[in-house]
Every structure is written in structure tokens, then in C-alpha cells.
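The listed protein sequences derive, respectively, from chains A and B.
Position 118, counted from 1, in the first sequence is what the working numbering calls 118; the numbers after and before it change by one each time, with no gaps.
Position 173, counted from 1, in the second sequence is what the working numbering calls 173; the numbers after and before it change by one each time, with no gaps.
A portion of the hints provided could be inaccurate.
SDA-like mimics (lysine to any residue), calculated; alpha carbons at most 20 angstroms apart, straight line [said to hold, decoys possible]: (1) Lys195/A to Leu84/A; (2) Lys308/B to Ala77/A; (3) Lys308/B to Pro56/A; (4) Lys338/B to Arg61/A; (5) Lys308/B to Arg62/A; (6) Lys338/B to Asp78/A; (7) Lys308/B to Leu60/A; (8) Lys308/B to Arg59/A; (9) Lys308/B to Leu84/A; (10) Lys308/B to Trp63/A; (11) Lys308/B to Lys195/A; (12) Lys308/B to Thr8/A; (13) Lys335/B to Ala77/A; (14) Lys135/B to Pro56/A; (15) Lys135/B to Leu60/A.
What the hints contain is simulated information worked out from the structure, not anything from laboratory work.
What follows is each chain in one-letter form.
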Amino acid sequence: MTLPLFQTHQIMLTIGPATFRIASAWRAPIDALERLYAAYPRPADAVADFTVRLEPAGRLRRWLRPSIFITGDHGLADAAPMSLAHGLLAAEMGMNLQMALGWRRHLLLHASSVEKDGQVLVMTGESGSGKSTLAAQLGERGWRLLGDEFALLDLVTGHVMPFPRLVSLKNRAVDVVAADVPAERMGPMLMGTAKGNIRHLVPRADAVARMGEGAPPAMLLFPRFGHETDVRAVGQGEIFMRLTQASTNYVALGEAGFDALTRFVATVPACAIDFPSGEAGMAMVEQLWAQRG
Amino acid sequence: MLLVRALRDPASVDALSPGQWNALIAAARAERLIGSLADRVGDRPVPAAARAVLDDALLDTARERRQALWEADRARVALAALGVPVVLLKGTAYVAAGLDAGQGRFIGDLDILVPRDALHEVEAALIAAGWEWVKEDPYDDAYYRQWMHELPPMIHATRDRMIDVHHTILPLTARPRPDAAALIADAVTLPDGLHLLSPAAMVCHAAAHMLADGDMQGGLRNLWDIHLLCTQFSAAQEDFYASVYEEAARHQLTAPIARALRLARHLYGTPVPDYRAPITVDHRLRWSDRLFIARLLARDGWGRETRKGLVFAFYLRSHLLRMPPMMLARHLLTKWRKGHRPV
Chain A
1 MTLPLFQTHQ IMLTIGPATF RIASAWRAPI DALERLYAAY PRPADAVADF TVRLEPAGRL
61 RRWLRPSIFI TGDHGLADAA PMSLAHGLLA AEMGMNLQMA LGWRRHLLLH ASSVEKDGQV
121 LVMTGESGSG KSTLAAQLGE RGWRLLGDEF ALLDLVTGHV MPFPRLVSLK NRAVDVVAAD
181 VPAERMGPML MGTAKGNIRH LVPRADAVAR MGEGAPPAML LFPRFGHETD VRAVGQGEIF
241 MRLTQASTNY VALGEAGFDA LTRFVATVPA CAIDFPSGEA GMAMVEQLWA QRG
Chain B
1 MLLVRALRDP ASVDALSPGQ WNALIAAARA ERLIGSLADR VGDRPVPAAA RAVLDDALLD
61 TARERRQALW EADRARVALA ALGVPVVLLK GTAYVAAGLD AGQGRFIGDL DILVPRDALH
121 EVEAALIAAG WEWVKEDPYD DAYYRQWMHE LPPMIHATRD RMIDVHHTIL PLTARPRPDA
181 AALIADAVTL PDGLHLLSPA AMVCHAAAHM LADGDMQGGL RNLWDIHLLC TQFSAAQEDF
241 YASVYEEAAR HQLTAPIARA LRLARHLYGT PVPDYRAPIT VDHRLRWSDR LFIARLLARD
301 GWGRETRKGL VFAFYLRSHL LRMPPMMLAR HLLTKWRKGH RPV
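All chains should be modelled from the sequences, with the hints used to inform the complete structure.
Spelled out as C-alpha cells, the structure:
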């Protein structure tokens with residue numbers, strides 16, 4: 001018997017190919033997940049791929065100025081504690097951490113991806129490049145969102161598999177996207193996180209319903225938000241190097257990772273695009289997509 | 001505990017519910033025994049989701065094995081010109097020797113043992129070959145050099161892998177004084193010119209590492225190493241445990257060896273016999289062993305550490321083992337001033 005004061009709250013949910021078992025010392029983060037992941041598979045009795053734990057960051061931090069330490073099967077000893085007010089973000093980061101450090105069944109690219117006509121557009125870049133916002137916006141306008149954070153490259157077929165977790169919208173992107181989306185698909189506004197103000201977006205119903213369904217990649221873009229419109233060619237050597245850096249498990253997969261990445265770089269046309277606004281970015285994407293090989 | 005039972009008797013996993021699998025996997029990952037578990041379970045029929053997790057672990061341990069052997073080879077090349085014996089320790093030694101203890105084992109740093117009077121040359125040769133210091137702190141550096149059994153850890157600049165260069169197997173401040181020269185003199189030579197500790201010395205080192213150093217973090221894994229080493233060596237050599245006790249006596253490690261064998265026999269079912277002649281050795285559990293077992297099993301179904309008080313007591317014990325009380329007080333005061341807080 002655990003005392004109610006020390007109770008562990010929990011939820012299990014499946015996103016794409018991965019099932020997470022999440023334990024929290026507090027009720028609130030689990031409630032937020034239950035609301036936003038309501039349409040996702042919630043296996044009651046399954047073997048999970050990963051355990052995520054949201055623990056008090058210190059002995060008294062369960063009750064007094066509650067503060068979350070994110071850990072699980074895989075964790076970082078020096079992870080900064082987070083406020084309980086950002087509990088939903090902590091849970092999302094906990095799941096990302098497990099994928100980034102522990103996933104071995106696909107080559108993981110830090111990239112967003114969307115699908116149309118049975119083919120996939122992959123967008124990669126640093127945090128702040130606009131890849132996540134662009135994917136979210138395309139996902140509202142005729143594309144199927146596969147994921148805003150990780151593109152999973154199948155080691156055998158070379159297809160991109162969906163990982164449609166909640167899209168994390170930051171700062172200016174929040175208002176831009178929220179204007180197009182009904183309130184029940186938006187999470188709470190999380191003010192003053194380490195990355196500014198964050199609000200989560202639930203992908204559209206078709207993105208969730210078809211999350212087991214991948215498709216072959218047909219185009220790779222390196223977007224850059226906030227610059228004058230420009231399209232540049234990128235050499236294959238540079239693409240390869242940038243994608244090894246954008247992958248958290250390239251080294252861990254060894255030869256299988258090398259083979260998958262080589263095939264991707266050799267067969268998928270790529271370019272870098274600069275765009276001054278979301279509207280301009282989407283127009284460029286549609287145009288390049290229509291002209292693809 | 002599910003993990004101990006699964007390692008000891010892999011058939012026990014056949015009856016696990018999904019919830020029990022989750023607890024088993026979380027504990028095995030937390031104890032860094034998931035690869036060993038995967039190896040033990042082998043191709044028994046298990047739920048597909050569990051199979052996928054176990055296969056991931058096997059992929060990881062295969063890579064670690066390859067990396068460990070490559071690091072050992074790089075150290076061999078870097079040190080070849082010195083003509084000093086280089087003895088592989090722990091995980092790297094187990095995989096280099098093809099021992100059961102290397103199967104499915106995670107291997108972190110490369111640990112090597114070299115003669116103490118060659119330490120300066122070894123250090124210089126490793127730096128020339130691309131390894132560099134990790135610890136910038138002058139206190140830590142001085143502490144290692146004066147009191148520890150190893151140089152401060154070094155990391156390779158391009159391969160990002162750590163090496164620990166030992167000149168003996170316990171800190172100089174610990175009470176037992178192992179005979180490092182004898183360990184090196186008795187070492188076994190591998191075809192590539194690297195060396196391994198003799199079988200009995202290997203078990204002694206594993207027991208010293210688990211029980212006479214450290215705070216028992218990773219204790220279940222250390223004990224699993226001891227179990228596999230003993231099981232394999234004793235099957236090949238009838239009086240193996242007598243050699244172990246003989247070796248332990250040379251290094252003042254009789255008490256840690258006796259406890260390690262009692263714990264391994266109790267938890268993992270290691271085939272350790274009792275002796276009546278020429279000496280009496282009784283491997284039934286002592287009262288104090290219960291504390292060690294409670295510490296080893298301090299992990300819940302979410303992979304969280306439990307029994308905080310006991311865990312902290314073992315943390316304190318690890319410091320008392322390493323240094324006399326006055327020295328410990330000075331050390332903790334220095335560390336506290338630098339902002340270090342335990343647990």
C-alpha cells in the first residue's frame with residue numbers, strides 16, 4: 001500500500017511504433033496527457049518500449065514549489081529541473097528523451113515530415129529553423145503530418161514512418177497556428193519555459209488514425225525562417241554530414257544506419273530554402289513539390 | 001525480485017504478465033543488465049513487444065563489444081613500443097577472452113592495469129596517441145594521483161571513449177593492499193600481446209570492485225559477472241574455488257571474496273561448495289549479508305531506487321572503505337566547498 005501522498009500516477013500510450021509507460025508523482029501532467037492523447041491507442045495491458053518518470057527534483061519538491069526531474073529508462077543526470085506548471089512539456093520531453101537515446105528500430109532523424117500523394121517531404125534544421133511550424137501548417141492544409149520532431153527511417157524499406165506526437169509550437173508560431181485550429185486540439189499555454197512560450201497542438205484525426213502507415217521519401221528540405229526568399233542546391237556530401245548530425249542514433253545503428261542514410265541521400269532530391277513568412281514558406285514548398293522529379 | 005529470478009532461471013519469464021515484463025525491463029535497464037537478460041532469455045517464446053526490446057539490447061551490446069575490442073586494440077598500439085605488459089580488466093577482458101561473462105554485457109570505459117613504475121611512460125604514450133584529461137579540477141587531479149589506484153580518467157579526442165589506467169585494483173587508502181606486481185606477473189597473454197588476469201585473480205578483482213570499493217551501485221551486475229566467471233571457471237577446473245581463496249589471501253581480499261561467493265550462491269545459484277578440509281569454509285548467509293541483499297534489490301517496478309536510507313548508508317560505507325575518518329572529513333569538506341552534494 002502506498003500512502004496517497006506518495007502515490008504514482010500513470011498512463012500508457014502508443015505513438016507511431018513506440019509504446020510509453022509514464023509515471024508521474026503528480027496528477028496534473030497525466031491529466032493533460034489523457035486529454036490531448038485521447039484519440040491515440042491507450043493499451044491497458046501491454047509491454048511498453050519505454051518507461052518515462054516524472055519525479056520530484058528533491059526530497060520536498062513533491063509538495064513545496066513542486067519541481068520535476070525528467071528521467072526513465074534513459075536519462076541525463078544533469079537535466080535541469082522543471083516547474084510543475086510545465087508538467088505536460090516535461091512528459092513530452094521525457095518521451096523524446098527515450099526515443100533519442102534508446103530507439104533502435106529506425107534511423108532517427110531530427111526532422112519534421114509530412115505526406116501527400118503517398119510520398120513524404122522531410123524537413124530538417126536547427127531548433128528555430130521553422131521546420132516544426134511549417135509541418136504543423138502543412139498538416140492543416142491538405143498534408144498528413146507524420147511528425148514535427150523525429151522522422152523515422154525504416155532500415156529495410158527506406159520508408160519514413162510516422163511519429164505523430166503532439167506538435168510543440170513555440171512563441172510566435174503559437175498564434176499563427178492556433179488561429180486555424182479548434183480549441184479542443186490545443187493544449188494549455190505554457191508560459192516562460194526554457195524555450196519561451198509553448199503550446200501543444202494535437203495532430204489532425206487522420207494523422208493519428210494512420211500513424212502506422214509510412215511512405216517513401218520524395219524530397220528533403222533545409223528550411224530557414226526569417227530570411228529573404230531563396231532556394232539553394234546542397235551537395236550530397238554536405239547533406240550526408242548534416243543528417244548524421246541530425247540523427248541521435250546513427251552511430252548506435254552502425255552499418256544498418258550507414259546503409260539507410262546512404263540510400264536516403266542518394267535517392268531523395270534536396271535543397272535549402274529561406275523564407276520570410278509561413279505563407280511564403282508553404283507556397284515555396286507547394287511549388288517545389290509540384291516540380292519534384 | 002523479477003530480474004534476479006529471470007537471470008537465474010530464464011524459464012521463469014514464460015509466465016510473466018505484460019505488467020511484470022514492464023517491471024522486469026525497467027529494472028534490467030536500470031541495473032544495466034538488459035543485455036544479459038536478453039542473452040539469457042535467448043530464443044524462448046516471449047511477447048512480441050518484449051522480443052523487440054530484447055533485440056534492441058542485443059544490438060547495443062554487440063556494438064559495445066566491437067567498440068571495446070577496438071579501444072583495447074588502439075591502446076595496445078599506443079603502448080606497444082614501451083614493452084610493458086598491459087592487462088585488460090573487467091568487461092573488455094571478458095569479451096577479449098570470449099568468456100560467458102562478456103555475453104550481452106554493457107562495457108563502458110576501457111580499464112587497463114599496468115606496472116606502477118611504468119605509469120609516467122604510459123600516460124605520456126597515451127597523450128601522444130590522442131587521449132586527453134577529463135578532470136580539469138586540480139584537487140581531483142591531485143587526489144587521483146596521490147590516493148587512487150588509477151590515473152585520472154582520460155578520453156580520446158576523436159573517438160570520445162574513456163580509458164582508466166590502473167596500477168593496482170583498490171585505492172591506496174583502502175585497508176586491503178592487493179599485490180599488484182603478482183597480479184601482473186600471473187597474467188595470461190592473449191594472441192595479440194594484451195594480457196588478462198588469471199581466472200582466480202579475475203574473480204578477486206570483481207569481488208574487490210563490488211564489495212571493497214564503491215557504494216554497490218551496479219552491484220547486481222558485478223555479482224552477475226562473478227556468478228558467470230565462477231560457473232565457467234569451476235566447470236573447467238575442479239579446485240577452482242580453492243585457487244580463488246588462495247589468490248584472495250595474497251591480496252588481503254578473503255572477506256570480500258567470501259561474501260561475494262555467499263551472495264552469488266544465494267541470489268544467482270552459483271555452484272559454490274562448502275569446504276570441511278583442509279580448511280572450513282561455510283557459504284551459508286551471514287546476518288550482515290541480509291543488508292547487502294536488501295541493498296542489491298533496492299529497485300522497484302518502475303526502475304526507481306528504493307530504500308533511500310540503506311542506499312545512503314552504503315554510500316557512506318564506500319567512503320569509509322576508501323579512507324580513514326580524518327582524511328574522509330577533509331575530503332568531504334573540500335568537496336562541499338566546491339558545491340558537491342551527495343545523492
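Item to check | Enumerated hints in conflict with the structure, sorted upward | outcome: 4, 9, 11, 14 and 15
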